Each structure stands twice: as structure tokens, then as C-alpha cells.
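Protein sequence lines, in the order shown, are assigned to chains F, D, L and C.
Position in the first sequence counted from 1, then plus 1, gives you this note's numbering.
Position in the second sequence counted from 1, then plus 1, gives you this note's numbering.
Position in the third sequence counted from 1, then plus 1, gives you this note's numbering.
Position in the fourth sequence counted from 1, then plus 1, gives you this note's numbering.
Everything labelled a hint here was simulated from the structure, so no lab data went into it.
It should be emphasised that the depicted structure is a prediction, and the values quoted were computed from it without experimental measurement.
Careful: at least some of the hints might be erroneous.
Note that identical chains are pooled: a pair holds if it fits in a single copy or bridges any two copies.
[Claimed, not checked] DSS-like, lysine-lysine: derived pairs with alpha carbons at most 27 Å apart: (1) K50 / K151; (2) K17 / K3; (3) K3 / K151; (4) K120 / K151; (5) K151 / K17; (6) K3 / K120; (7) K22 / K50; (8) K120 / K22; (9) K120 / K17.
One letter stands for each residue in the lines below.
There are 4 protein chains.
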Amino acid sequence: MKSALRRRQIRDCARKVISQKGYHAAAVADIIREAGVARGTFYRHFDGKRDVFEQLIDEFFVSLELGIRRVDISEGSPAVTEQMLDNVHRVLRILFDNADLTRILLREAVGIDEEFDRKIDEFYSRILSLIQLSLRHGQEMGIVRECDTKIASLIVLGSVKQVMDFAIGSRKQLPAPQAVGRELLNLVAGGLFITDVAAPGGQGQ
Amino acid sequence: MKSALRRRQIRDCARKVISQKGYHAAAVADIIREAGVARGTFYRHFDGKRDVFEQLIDEFFVSLELGIRRVDISEGSPAVTEQMLDNVHRVLRILFDNADLTRILLREAVGIDEEFDRKIDEFYSRILSLIQLSLRHGQEMGIVRECDTKIASLIVLGSVKQVMDFAIGSRKQLPAPQAVGRELLNLVAGGLFITDVAAPGGQGQ
Amino acid sequence: MKSALRRRQIRDCARKVISQKGYHAAAVADIIREAGVARGTFYRHFDGKRDVFEQLIDEFFVSLELGIRRVDISEGSPAVTEQMLDNVHRVLRILFDNADLTRILLREAVGIDEEFDRKIDEFYSRILSLIQLSLRHGQEMGIVRECDTKIASLIVLGSVKQVMDFAIGSRKQLPAPQAVGRELLNLVAGGLFITDVAAPGGQGQ
Amino acid sequence: MKSALRRRQIRDCARKVISQKGYHAAAVADIIREAGVARGTFYRHFDGKRDVFEQLIDEFFVSLELGIRRVDISEGSPAVTEQMLDNVHRVLRILFDNADLTRILLREAVGIDEEFDRKIDEFYSRILSLIQLSLRHGQEMGIVRECDTKIASLIVLGSVKQVMDFAIGSRKQLPAPQAVGRELLNLVAGGLFITDVAAPGGQGQ
DNA sequence: TATGAATGAGCTTTCATTCAT
DNA sequence: GATGAATGAAAGCTCATTCAT
């Protein structure tokens, strides 16, 4: 059981170091220095730098996916709208509470190698499917207007990612997650801004 | 003048190689092999791998920023809505026409090093300012509803990025830019989907 | 402690290789081949070629400076003349016993770079000060005739260097240090400025 | 004939650059920049960096060797002592007047490669022979006392080199060559082995 | 003759990983 | 399990030299 603790300790240090220096700039030497263990110890617990990193990401993926509950459309369950908003809220909270992992996901996990890119693509694909499913349910229940739900889900995802990226980037101080959540929801979920574009599809672009 | 051609040739090869293998996986050796020139030739024209890469990105930034025109609100100019839509269209076209550079921008230029991150952050900042300015103009003219224009601009940017990322990722075949543009505009610009979220701001999350 | 041994082993090989091929011609590859270690091992123990070289020189400087004892002019101490001669003898012995380092100092450590040149200049400055001090003491005691002790010390140093350089250069076989020492002393110390060394070596060499 | 001028111009620039930066640090690029010519032009006139350098040294050797006249012991010629002193004076003047070449000879021409080392050794050998010959003549005429003329000549050479090295090294300002020459001569020539130089100490050092 | 773009051998250095203790 | 010295493939880069124009 000692082993599991060691593993976690090293993983935490890797998380810290990588979120600060970036995946490529973070050397194994940095991680073990931070953890106060020897090189060999590191390799006893992980297959290598990529491995710790992958575990970090995997773990975060699990957290996030656990935060997203499938919309329950059976009798007596809460309003679909509310369930969707709750999902967004939970996810935002996880992202805010794990700013370093969020940073890693958005900024460091990109472009590691093909296989890793695929893994991340697959994660986002699953997220997109869930969003799309929710939107479809909303449409079925007449509370989401007709649209290409594929693209709509991309917009939801992209918006969350960009807002989080901004929140992370502005080092000064993170905006309160509640505030960000509210704004985001008002805009994305509540209806956007250009009030009078009557029949946008008509413009023949 | 020959020199400029050579430089361009190498830059084009770097563009190809990096968009295929990624920044870190692409070695200078790969670039010069692709270009069919000697090592020294590469270093005669560029300070190093990072330098070509930076030039690639810089050039792309210029293209993109040239594609975004400030909204003209003087008498007799086209409707603000139309100008905004034109901007989105032009940018989408540039992104689609330079799928490899777009891929590089979205997937490879992230996490190179701190200085580079800053450069990209600054680019996005400028873009965000332009979007925000347009939205403010729209509000002044009563065609964009009241909202936090900062976050709204993040949503516009994030949406475009995510849609493009998806378009790039689906290797099979890129969706027609027109189609993507239309959908995106309908949704982002025209108003979103959840029809009846009455007063989401009230929930005080 | 193993580490210190490795370090010494590599340093010794560097000493051998550099004294044979010269600083510039000696590649790190040559040193590690001689030492039978991997590239990484070399860089684990030294910052680079310059670093080993500097350590080599530093170490030699220490040996040499340890060989030069300040002239003791208190009651009951050996004659100043004798102490001066002893110093020259000790230094000559060290130089002869470390012919390779002497060669490195005289022939390879020159013109490496500005900083190194300064380091060597400083070493010689210290030596010159010691020589000058001895001469001054000799003058005070009336056994060294009046002269510009600054230039006199340059002459002593230059003579030793040139004689050693010659000894090293004649690859065939080094002259016996005793012989060289005796000649040198007779001429520099005995015939030069020390006025009353009546019949210094009996000239019989 | 234009060609000869070009050659000289480039050689002069090489002289300047090399004396400032050192042989290894001075790149061909530095030399041609200083000379304001193209790379190809440089290689049209010289076989390479080593070649200019060698020419520089060769030329200096010629100057120096021209400055040393064989001692004339025929009837009616000036006193041998005077001829010897004249030689030293002439050489010192050349060295002082060409401080940059002197610097190159003493500090940069050492340890270039084996062949070059040999060339320089041979130069010094010739100088040593001339010195030794003078000393022998002096001995024959009873004005130089008995000693090992080989080592005595090394001492003369080493002294001059060291004094010049010091003069060059003290960047502040070169001591007047006359002063240095006088000091040097008083000590080396006057006080050393020449037995009957009546009152060399008188010249007010 | 002058030019300067092109060459490429060869150098230093890094760092993820292995393995004997 | 822990250690850290050793490994060596692989990368970036320099610069003296060549050669087509």
C-alpha cells in the first residue's frame, strides 16, 4: 500500500511541475527533484514521463466525465434544462477546482504525439456526443430550437474551453467560477446576442 | 532575390512537415530532407527550428488579421450585421484555405515555450478586442442584446476555434467552409437554442 | 565515492588526450573513447570540454603554488638564497614530473578564450609577485644587486618557461631535471642579480 | 597588381581581427566583414584561414630575422657587445612596433596544430642558434663568461618573450620600448653572463 | 575577378531510460 | 523497493570551404 502512496506523491509532483513548465520543458529530473525521490524510483512506478502524464490526463478525464450526467427524461425527473445547466455547472466547478490540470489539458496535452492526440480527440468526442444528446432531447421536448446539433455542441464545448483558457491565462486572479458560469450560461444556453437576424440561412454565403 | 525564394521554399516545407508530424516530432533533418537542401542552407536562412516556426505563425497572424476589417459605422456603409458576418466569412475562408497552418496554430503552436505562448495569447487578445468592439457597436445600434461582451467575444472565438479544430480533425474530408460558416453564424450570431430559459441569471449558482 | 573516482579517471584521460592532440584538436569523443565511457557519463561529471580542461589547469596551479614557499626571513631560518633555490628546484621538479600538464599549460592553455587567458594571466601574476618579493628580500639582505625587480621577476619566469618549453619540445628525451635546474640556477640565480654568490655551482656542469 | 593590394588588405584585416579575437574565435566571416569583401574573394587570395594566418606569421618571422644580424668579428667592425645590444634593440623595436603581431605570435600561434607548432619551433630554433652563436663569439673574445650557451640562449629568448608578453598583457598602456629595452639589457645582457661589462648598473634603472 | 548561396562534416550537448548495487 | 551512475540515440547548430553565376 506504501507503493500506491508513493505513486500518488510522484504523480502529484508531476502534475505540479508539468502545469508550471509544460510537458516538454518539464524533465524527469524536475519531477523527481520535486518529489524527492531517485530516478530509479520514478521508473519503478511509471513507464516513463509520458506514462505519468497519461495517467494524469486519464484521471482528469474520469473526473470530468463523472461530472456529466446523462439527461434523465423519465417521468418525475428534474427539467431537462435544469439538468443541462447542472452539468455545465459541475464541469465548470471541476475545471476551476483543478486549474492546473485544466491548464495541462488545454495547453500542454496538445501536440504530444499522434496517439495522445487521438486519445484527447476521443475524450472530446465523448463529451460532444453527450452534449449533442442533450440538445436532441431538448429539441424533442421543444425547448431547444431547430439547428445542427453537431455544430451546436461544438460551440458549447469550444465556448467552455475558451472561457477556461482565458480564466487560466489571466494569471492575476481567476474570476469566480460562479460568475463565469452564469455569464456563460446566460449567453450560450440562454440565447445569444444579435437580436434581429431574421433568416440568417438566407444570406447565401 | 533568389534568397527570398529559397527561404520561402524552406518555409513551405517546414509548414508541411510540422503540420504533419507536429512541432516537436519534426526535426530540422526532416525539414531539410523535404526541402532537399543542406543543413547549413537551413541555418543560413533561419535562426533555427523555432525561428521558421515563428515566421510561419507570424505570417498566418498577418493574413488572419488582414481578414478582419474594423466595423465601419459611418453613414452609407453596409449594415453592421453584414460587416460582422463578412468578417467571420473571410476568416473562415482563410482558415479553410490554409488547413495546415490552421492545424499548426490550433494544435502545434501550443505549449512550445513561455514566450511563444505569450505571442499567441497576444494574437488572440487582439482578435478578442476586435470582436468585442464589434459587439459593442452592435449594442449601440440596438442589434446586439445586452450582455457581457468580454465573455461573448470569448464564446465567438472559442466557437470558431472548436469548429475549425473539428473540421481539421476529421481527416476524412473537410466540410465545406460555406456550410460550416452558415451553421456557425446561424447559431452564434442568430441566437442559440434553448428557447425558454427565462431568467437564468437568477439561479445564483 | 565511486563518482569521484570516475571523475578522476575521466580527468586523467582528458589530460592524456589533450596533452597529445592539443585542446582544440581533442574532441570530447576522443576523451570518452580513451576513458571507455559513454558520452552522457562525461557530461554527468563535467560541464563540457572546457570544464575538464579548467579543472586540470586549476589543479596544476594549486600543485605549483604549493611548491613555492614564501621566503622566511626570521631568525634561524635557512639562508634566503637557499630558500629561493629550493623554490626553483621544487617547481622544476613538479614541472618535470608532470610533463604533460606542463605541456598543456605552456602550449595548449594559451588562446582558449578571453576568460581563460585572464585566469592564466592571474596565475602568472601571482607567481611574479612571489618572485619579486623574494628578490626584494634578497636586496634588503644585500645578496641581490639593485635592479628593477619587476623586470627581473619577468626574466626569472620567462627563463623557466622557455627552458621547460624546450625540454618538452625536444620529444626525444627529456633532459634530466637536475641538470636543467642546475644550469638554470647557475645562470639566472647565480650569475644574474645575486651579487655575491661567489662560485655558484662550481660551474662544473 | 590590383590583386596584390587586395591580398594585403585582407591580410591586414585578418591581422587585426585575429589579434583581437584570437585565431580560433576569429571566423572567416569576421575577416571578410572587416575587409568588406565577399567570401569567395577571400578564398581567391588565400587557401583558407590557416593560410592567411601562416602568411602573417611568416612575414613577421622574416621581419624579425632581418632584424638580427650575424655578429661580425672581422677587423674594424663594432665591438661584439655593441652588435649584440643592437640586435636586441632592433628586435624589441620590431616587436613593439607590431604589438598585434607580437600578440599573435606569443598568444595565438600556439597550439594551432602540429605542423604549425613545428614551424614556430623551427623559428625559435633559428633564433636560439643565432643567440648561441653570439654568445660563443663573446666567450671566444672573453667578454662572456663560461656557461652552457644553449641554456643561456634559452634564457635570453624566454626573457624577451616574457617581457613582451607582459607588455602586451598590460592593456593600460605599453611601456616605452626604450625603457623596457634598457631594463632588459641591463639585466640580461649586462648583468648576466657578460663578465666585464663595466658599469651596466650605472645607466640609472 | 568578385560574389554569396550552398554545402556537410563534425561538434557539443541533452535527457529519457536502464540496470547493477 | 530504492538508488543514482551509466547509457547512447538523437538533436541542434557552426563554420571552413566550394562553386555556379
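Going down the list of hints, with the structure as the test:
no. : hint        : in the structure
1   : K50 / K151  : neither (35 Å within a copy, 38 Å between copies)
2   : K17 / K3    : within (21 Å within a copy, 33 Å between copies)
3   : K3 / K151   : neither (46 Å within a copy, 48 Å between copies)
4   : K120 / K151 : within (20 Å within a copy, 32 Å between copies)
5   : K151 / K17  : neither (35 Å within a copy, 30 Å between copies)
6   : K3 / K120   : neither (30 Å within a copy, 44 Å between copies)
7   : K22 / K50   : both (14 Å within a copy, 20 Å between copies)
8   : K120 / K22  : both (22 Å within a copy, 16 Å between copies)
9   : K120 / K17  : both (22 Å within a copy, 23 Å between copies)
Checked against the numbered hints above, the structure violates hints 1, 3, 5 and 6; every other hint is satisfied.
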